[in-house]
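Q: Each chain, letter by letter, is given below.
Number of protein chains: 2
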Amino acid sequence: MSKVIQLPDDKKPLSERLKAVLDGDYAEARDAARAFISRPEMTPVHPDIPKEEYREKTLAWIKDMIAEGYTKLPYDKQYGGEGEREKYMNIVEIIAHQDMSLAVKQGVQFGLFGMSIGSLGTEKHSSKYLPDVMAGDLLGGFAMTELAGGSDVQGISTEAVYDHETRSFTINTPNDDARKAYIGNAALHGEMMVVFAQLKMSPEGESMGVHAFMVPIRDKDGKTLEGVTIEDCGHKVGLNGVDNGYLGFKDVKVPYDSMLDRFASIDEEGAYHSDIKKKSHRFFKMISTLVTGRVFVSMVSLSGAKNALTSAVDFAEDRKVFGDTLMDKQATHSRLLPHLADAYAMHFATRFLMDEFKRGGPEVETMAAALKSKSSDNAVAVVDEARKLTGGKGYTSVERYGVLHDDMDVFRTFEGDNTVLRMLVAKNQLTHLARKFNGAAGLDKFKKALALHARKRLAHFNAGSGKTDDTHLTDPLTQRKLFAMRERAMMYALSEKMMKISKAEGAAEAANQCQDDMLAYADAYAERIMMQRFVKAVDAQQNPEVKAVLKDLCDLYAVHTMRKNALWYVENGFMKTQKTKALAKLEHKLAEKVRPHAKDLTSGFAVPQSVLTSPENAPKAEAKTAPKAAPKKKKRHWPWGR
Amino acid sequence: MSKVIQLPDDKKPLSERLKAVLDGDYAEARDAARAFISRPEMTPVHPDIPKEEYREKTLAWIKDMIAEGYTKLPYDKQYGGEGEREKYMNIVEIIAHQDMSLAVKQGVQFGLFGMSIGSLGTEKHSSKYLPDVMAGDLLGGFAMTELAGGSDVQGISTEAVYDHETRSFTINTPNDDARKAYIGNAALHGEMMVVFAQLKMSPEGESMGVHAFMVPIRDKDGKTLEGVTIEDCGHKVGLNGVDNGYLGFKDVKVPYDSMLDRFASIDEEGAYHSDIKKKSHRFFKMISTLVTGRVFVSMVSLSGAKNALTSAVDFAEDRKVFGDTLMDKQATHSRLLPHLADAYAMHFATRFLMDEFKRGGPEVETMAAALKSKSSDNAVAVVDEARKLTGGKGYTSVERYGVLHDDMDVFRTFEGDNTVLRMLVAKNQLTHLARKFNGAAGLDKFKKALALHARKRLAHFNAGSGKTDDTHLTDPLTQRKLFAMRERAMMYALSEKMMKISKAEGAAEAANQCQDDMLAYADAYAERIMMQRFVKAVDAQQNPEVKAVLKDLCDLYAVHTMRKNALWYVENGFMKTQKTKALAKLEHKLAEKVRPHAKDLTSGFAVPQSVLTSPENAPKAEAKTAPKAAPKKKKRHWPWGR
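In order, the protein sequences belong to chains U and B.
Sequential numbering from 1 applies to the first sequence in the working numbering.
Sequential numbering from 1 applies to the second sequence in the working numbering.
These are computed hints drawn from the structure, not numbers from a lab.
Keep in mind that the hints are not guaranteed to be accurate.
[To be verified] DMTMM-like cross-link-like pairs, simulated, lysine to aspartate or glutamate; straight-line CA separation at most 20 Å:
(1) K329/U x D517/B
(2) K427/U x D324/B
(3) K467/B x E571/U
(4) K63/U x E53/U
(5) K564/U x E496/U
[Said to hold, decoys possible] Here are the computed distance ranges between Cβ atoms for each label pair:
(6) K278/B x D328/U: 35 to 41 Å
(7) R167/B x E53/U: 52 to 58 Å
(8) D318/B x H472/U: 37 to 43 Å
(9) T613/U x N462/B: 57 to 63 Å
(10) T325/U x E56/B: 38 to 44 Å
(11) E545/B x G323/U: 37 to 43 Å
(12) T325/U x N462/B: 44 to 50 Å
Since the model is a prediction, treat every value here as computed from it, not as a measurement.
Cβ atoms here follow ideal geometry from the backbone N, Cα and C, with glycine treated the same way.
Input sequences plus hints: build the corresponding full structure.
A: So, in structure tokens, the structure goes:
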């Protein structure tokens, strides 16, 4: 990884040049992070480790991150930070190669906990807490989800009742089902939590909706504070380095200043104020801070996928099956190469998401929801495929497929359940469409737009739906159009269907009967972004060899995805079957073209070798006691006679 | 489960009647097995358990099975068994609900080890070993797979050299890569292994191909024998109750009688004899004993799927999301109900497989390979979906989704890798077709058959490809035809493609370029069987309510599967898009019809409640020490001032 000899760019091995493309502006920071996770003390844990030990190890790694100066990066300079959030995200993306519990625990501490103090609170909160947060002197968590509530966060039951006389809030968990659930850092290490609760101005008073409060749960000695009940979530499917817990509150009083009051506050006379008038609008403004977490999950899921792809390609290149190299088999191409193309597409898409996130683009919530779902689903799928390809070897815990699978399993649930997030994508885009075509006049405009879209589709159908030549199918413009038109057509169809059912059976029924369409739409949306970003990334390349390899991989992404969606294209008049069949053939052809570069493409991920496996914790006793070779001619007694 | 009051059949709750359908002739044995696994000592282990402890627990359960008299069931009466193999399989299918390590360890001991002694050996072996095998006095395993060999079992490197002077065989592992790998019962409990090795009649002599030998590896005190090297596979992704190991042999001598000599033997003069002349034919005859294992995996995978479906439907019925019951949501229908239909289809298909297995049907190897792949893939997929649906709760290890996933993960690899097995299905059927159309005259016949098939397809296309009404789509004859014609057409197309490529580029290239088609064919083959058996099961019902519910579920299976394969139907002229669109609508309609019976349908599986979760091993310390409710009015010091 170290750049001792500076070769002119095109003399470097292809894998190095691909790495440079992927690392982009953060090459130096990412290489430093690679060196960081390659330290002996960062060797991945073997899953045999007791969770108690794993949790302490994860905390020790957090401290290593602090010592390295990493954790100051995402915070503003005025609080002792460095204002380098993007750099930090890049580093965490690399750290995720080594251990997902570490990636998640840092996410709880420096993301969910620290960032929500910064973005939901005001100056007084940031200056008071952030220096301790980034130094690890105040460990905390983010207590939003409740046991029975799941994704319905706006409907949480925890209450914070304001008492103007004492200028304090009393936090209560009304029943067991309302306990805060699966809260990271709660079971063991957290001292304080950002607790989300329904704010009431008096015990019987009206709820002002969900607000966040800084609530201490433990003293400095780790003793649980009065009124707080903490239960350990215990062993989990994965992420056992993170101490998740359930939290209950019984008459827990916190002072006035504990309310994070950026979007709403209580004045000296005890009156409630907010610039955002509607409860639900306030709520959605508050939870928009969750976007950071979703950007984070998109990126670290991809890291897990890169681990698995690296290991699996290495295995397939080494393995002989019935005399041939496994990587040369058609089935192996189909099992690995589209996933490899997908990982590159997602890499470029997440860079774009990060850019949008930085500049606060209007679609960032939608994009983050779509890419988070897609990336976490893909990551689990690629790890699963890699494990299967690697057979019995992949089933031993020395290989890390099991751990990666089990750790990332919940990436599809937390920071927004993927099903709920996909519906959010569709809802946001429906709202966007409704705004564009507002009111009765709008409905006419909408119908005109639909008609225009239908005409365009027809024109497209006549022009290209039967074309089958490779030049046509690998034309970036054709590809982008086919992805974009699919997304548009699905949104229009969804919108029409919703209006129709809504009119006949009501809005709730319409929403329910369109769930599957909404889910499908969200993926089309994500795929369109991935396609666009991949094409742009190919365009941007100067080096001809890099450009050619990435173009083939981009084509594989495009063709594989279109083939996956071919039924839709046929059913909706975008493709004739001669075209969908041509795609199937072309996919095999592209796989053949990509195959010689498979190892370069995974080497471009530059996942350090030391984090691809996890050594066993205990020495193998029997292997050492059993004789390696028996002394010859010695008479042995076989236990035949039983 | 106990039948205290005998109600007339149609007064029983629907779930009881469905249970009766599924349990069939083995209702009593299955209920007894349910009682067996409901014992307190059979409570599923929490995954937090150290593997050493889990292994001993699994062995103790094996002894409970022996004490219960179960393990005598599959063996012939003349050796002390009961000749009730099917009953035994039914019992093991129930036991799998409780613990997959137990199911697998019994499979190693009483299936792979015991059954191969019975079927590869002769009378002398059976009478000597089987009584001890079923009593658990001789624990053993099945040492076939080698580290670098994977699925290429015919190419194993372990050697057994015959020496006529001493009438013994010397077993050697030529290099580390040739070690026997992932062998159950090898790391800890096994005393003797059925070892597969290349038989040579002299050190430099010709190999007679793969043969099996009884090789002791440990003495009665558990000490590894001289010349044998045992290494523990250590912690694995799942199945940590099974002690898998690597085995190496260095000049290990075993006497003449250790050769399992049903298909080949060495006479008194030291000459080799076999009725099966071709090495590879002998080999395939020998490994046809693996079929039992594949029937077993089909069945126990289904048990795991039933656990997950039961838990997930219970959760979805209880859970409120945004005010509605989760089970009422369209997305939940789509996530769970096709899996439920699939589980019923697989249940009926595995009963048929068992019948074919019993009667030694000619297609049993093909069927077992196809259904094993399908069932194990499905099981992992349904557990995955159930875990996601259950959110954070499903991620705690108290729920068993993680364990089920990780245990069954390798079901897709062992007893034949699913990719390799699917290719076996296609190869067997290609061979079958080649036999049918043998030689040059056959090629003409084949071309005529193709033309006839094309004409039939055309007739079908004209008659039904545009039909969209529910009566047509739910007609069992239509459904069966669409499944069967798909399978046939895929086989014909595969065969044509292979011949074409073979002629131009050679047989090896043809085989490689047809891998994806072969894999797809194998699933079409499995789906056709599942469809047929489901239709037959519906036909067989007398009770109108049961028949109606099963008919809807069968329709859901048919329609969902056809919808999944809709692109193929369209591309191959079997369906017009108005039909594929009608299928999508009908699938939602059928889901609505099935939904009210979801809980009855999972209750019909009769998975004991006690095996659906695994309690934690240690008491939750903190939950007990933290005060449940804080005393009021007591002044507390908040740690604000830091």
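Q: If you test the structure against every hint from before, which numbers come out violated?
A: Per hint list: 5, 6, 8 and 11 violated.
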